[in-house]
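Colleague: The lines below spell out each chain.
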Amino acid sequence: MTNVMRFGAMIMGATIAGTASAQDSDPIKVGVLLPTTGGCATAGTRALEGHEAYVARLNENGGIDGRMVETLHRDSQCNPATATSAARDLVTKDGVDFLIGGVSSAEALAISEVARQTETVYMAGIPKTVQLTNEENIHPFVFRSADNTDSEGKSAAIIADRLGWDKVCTILLDYSYGHDLGTAFEEHLAELRPEAEIVTQVWPAANADDYGSFITELLSSDCQGVFSGIWSGRFPGFAKQAGAFGFFDRFEYVSAGVLGSTKFLENMGDEMPMGIWTNAVEVFYYPETEEHQEYLSAIEAQIGDTPDGFHATGYIAMQFIDEAIRAAGSTDSQAVSDALKGLTIQTYLGPLTMRAGSQQADRGTFWGKIGESDIEGYDVPIMTEIEYISADGLID
Amino acid sequence: MLSNPMFLAMTVLNGLSMAMVLFIIAAGLTLILGVLRIINFAHGAFFMLGGYVAWQVAEVWLDGVPGALWIGAVVSALVLGVLALVVERTMLKHLYGREEHYQLLFTFALVLLINDAVKVIWGTDILTISHPDSLRGAADLGVTFYPKYRLFLCAFGVVVAVGLWLLVEKTRWGRLTRAARMDREMLSALGVHVPTVYASVFVLGAGLAGMGGALAAADRSLFPGMDAEIIVQCFIIVIIGGLGSLWGAFLGAIMLGLLTSFGTIFFPQFELVLVYLLMIGILLVRPWGLLGREEAT
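Protein sequence lines, in the order shown, are assigned to chains A and B. Heads up: the first sequence begins at 3 in the working numbering, then just goes up one per residue. Heads up: the second sequence begins at -4 in the working numbering, then just goes up one per residue.
Since no wrong hints were added, every one of them can be taken at face value.
Below, a sample of chain B positions facing chain A; criterion: calculated Cβ distance under 10 Å: (1) M1; (2) T6; (3) S125; (4) H126; (5) G132; (6) A133; (7) Y144; (8) A211; (9) F218; (10) F257; (11) L267.
Residues of chain B clear of chain A, computed beta-carbon distances all greater than 10 Å: (12) G62; (13) V69; (14) V82; (15) R84; (16) V106; (17) F151; (18) G158; (19) L161; (20) V163; (21) V189; (22) L238; (23) I249; (24) V280; (25) W283.
Hint data in this document are derived by calculation from the structure and do not stem from the laboratory. Remember, it's a predicted structure, so these values are computed and weren't measured experimentally. Each residue gets a CB set at the ideal place from its N, CA and C atoms; glycine is no exception.
Generate the whole structure from the sequences, applying the supplied hints.
Modeller: Here you go:
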């Protein structure tokens, strides 16, 4: 009996010693779950490039406290079931120290559940659903570096208020993103502009492709402006149909869903309706600051091109993990989780703080009006009159 | 809202333009079903592939050339026709007369193959084709203004319907297909090469799907998986109208289109259910569809 116990103690001792020495030299493993196939592959692929750009620069400069960072990527296929099993494999089989990723809200909720069970810190860089970090779903290991539907919808209400809308229409997609966005927009507009009235609301299905009936219904309404949640993946079809009806001449249009994304505008070209208001995560032509230039050169070194907003999501998610490990002085989940709460990092946007209570970064978005380019050699629509609307007062 | 004539006219036209695109696709499906007795699950995938081929022609190879979309639509129909010929001659012909689940499995395999091929060739980004220059913007119809391209779709659907009717009713080829549908053995005994008739029907059906895909792509958008919704709608149309009936498909498409456009406005919560309720209602009264023939047992 005593022999067995001694043997057990020896093994335990050896294991502890082994782990301790492993921590000094082995790479820090980061599990990245981003879809590179499926409906959200465009966003996922770019976020992964952004992540890799950050890690490449990090490792060039000696890693984190002397340890290199190793990325283990799994394709989550924009599918929560795939994301769950891939996340579990990454933690249990590959022994990753951190999880990053998810594009759709469903993926994020799935990964967060694995993070809760395995006590692994998870950073969501893209998903915006408020459900990820609401009272019901929050746990010590889930964090979000993305903005959320509250700050996106409320900042849109700020634009609507400035445009002086008293009669407002909305066209939002009939799933959680659309509903959360609509609620935030309505709440904040009611605060800013009590006299404003929502006169017509239409809810196309998330995968709708024929918007004719919805456009018709809006055209028969007497609203001044339309707030929309038709995001960049769905917008091209909508824009073509609505444009043929003269929709964008009739209404002022404020759209969430990052239509100001540079690669998106490059793809849209002439088809992009001018004069509409929309948001973006990042655009390479604004702001002209040193931090932003540094970010641009890091991405360009990786992809040989100017970035799209989605690159920034992967880049900043990893930056939070990096600086939290440094602050904690370890890769221990609990220590990093504690370090993340209230952590402020310097980004191209200026300082960004991970709020302690909501575990949500105080990230806002850039808003601007789509107009002609005044950048030499860049002949596609750009965002003009750009302004960063911070999340202060819009979240929590 | 119905008292506003502009609104009413727009809603009717929304329904009709949607119906005519669906009809062009469903016509091919019902033709194949009527003659070959094959439930072609891949018909939606043919539609999707047609859209992508048209995009390749109109937005890449002939970008900026006047009439690029029309050329794209013709190329789509031809490409899909050739593809259908190859599929029919090398694979599908072995399944005639076999149990139905072989046919279902085979056409479903085609769906997966085509979807993967589309992802490999064109990626997963959503693509669109511009409206042709001549049909940009809206036309003033007096009571309302309405997008020209959609008016074109309405008119073109009618042209296709009449053209197909003439083809099936007034030509020798049409008589052969009708005969093949009624009694394949007898037709063969009369010295007609039935496999050729079958192949030609499959080619025509796939060509219609391809052209429908091209024309729809100029008003909608292209993305992998877009075939799933359209194939369900087309099956509903074919079932409502009666299996194998051309005018049945025409009527079914119009009913589905109008029900969707009015349903979206008046019953937004139940719009999707309405279509199924319509189908159930019709099948309860006429199990063989509106214009279908009761099968002799």
